[in-house]
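Using the sequences plus the hints, can you model the full thing?
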Amino acid sequence: MGRLEQYFASGELRVRAAATISANASAIIKEAVAKSLLYSDITRPGGNMYTTRRYAACIRDLDYYLRYATYAMLAGDSSILDERVLNGLKETYNSLGVPIGATVQSIQAMKEATAALVGPDAGREMAVYFDYISSGLGN
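So in the working numbering the end of the sequence shown lands on 139, straight run, no missing numbers.
Simulated from the structure, these hints should not be mistaken for lab results.
20 angstroms max Cα-Cα, derived SDA-like pairs, lysine to any residue:
{"no.": "1", "residue 1": "30", "residue 2": "54"}
{"no.": "2", "residue 1": "35", "residue 2": "112"}
{"no.": "3", "residue 1": "90", "residue 2": "101"}
{"no.": "4", "residue 1": "30", "residue 2": "115"}
{"no.": "5", "residue 1": "30", "residue 2": "68"}
{"no.": "6", "residue 1": "90", "residue 2": "137"}
{"no.": "7", "residue 1": "35", "residue 2": "57"}
{"no.": "8", "residue 1": "35", "residue 2": "131"}
{"no.": "9", "residue 1": "30", "residue 2": "64"}
{"no.": "10", "residue 1": "30", "residue 2": "55"}
{"no.": "11", "residue 1": "35", "residue 2": "115"}
{"no.": "12", "residue 1": "35", "residue 2": "63"}
{"no.": "13", "residue 1": "30", "residue 2": "61"}
{"no.": "14", "residue 1": "30", "residue 2": "52"}
{"no.": "15", "residue 1": "35", "residue 2": "56"}
{"no.": "16", "residue 1": "35", "residue 2": "105"}
{"no.": "17", "residue 1": "90", "residue 2": "79"}
{"no.": "18", "residue 1": "30", "residue 2": "100"}
{"no.": "19", "residue 1": "90", "residue 2": "68"}
{"no.": "20", "residue 1": "90", "residue 2": "61"}
{"no.": "21", "residue 1": "90", "residue 2": "131"}
{"no.": "22", "residue 1": "90", "residue 2": "63"}
{"no.": "23", "residue 1": "35", "residue 2": "117"}
{"no.": "24", "residue 1": "35", "residue 2": "54"}
This is the structure we're talking about:
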């Protein structure tokens with residue numbers, strides 16, 4: 001089966017997954033933060049997420065990554081992530097002192113939370129885009 005045929009054959013799965021992710025975005029992010037960041041040094045005094053403002057910025061960014069990973073999954077195309085998310089992000093994070101390792105950890109935790117919610121097939125599809133973002137930040 002060609003790429004285009006696979007795209008159309010998986011259309012219903014992707015649309016259902018996107019609707020489920022959208023309806024549960026805050027729960028996915030909350031679970032990811034609890035799994036990856038909440039009880040680490042990053043949230044303690046002196047940590048990068050210590051102030052409420054920094055914590056809110058982290059949550060905002062995770063919501064952004066979840067939304068764009070979902071858009072890319074619907075489109076079946078990771079290039080939207082280059083243009084809308086990754087272009088200049090690593091440099092910006094480095095200049096602001098945002099810990100990239102912790103960010104990647106959170107994205108991977110969102111990948112796990114999403115897969116648990118949408119099931120294995122849609123979870124594998126979404127994993128492609130979460131991994132793409134993680135890889136783009138990590139390189």
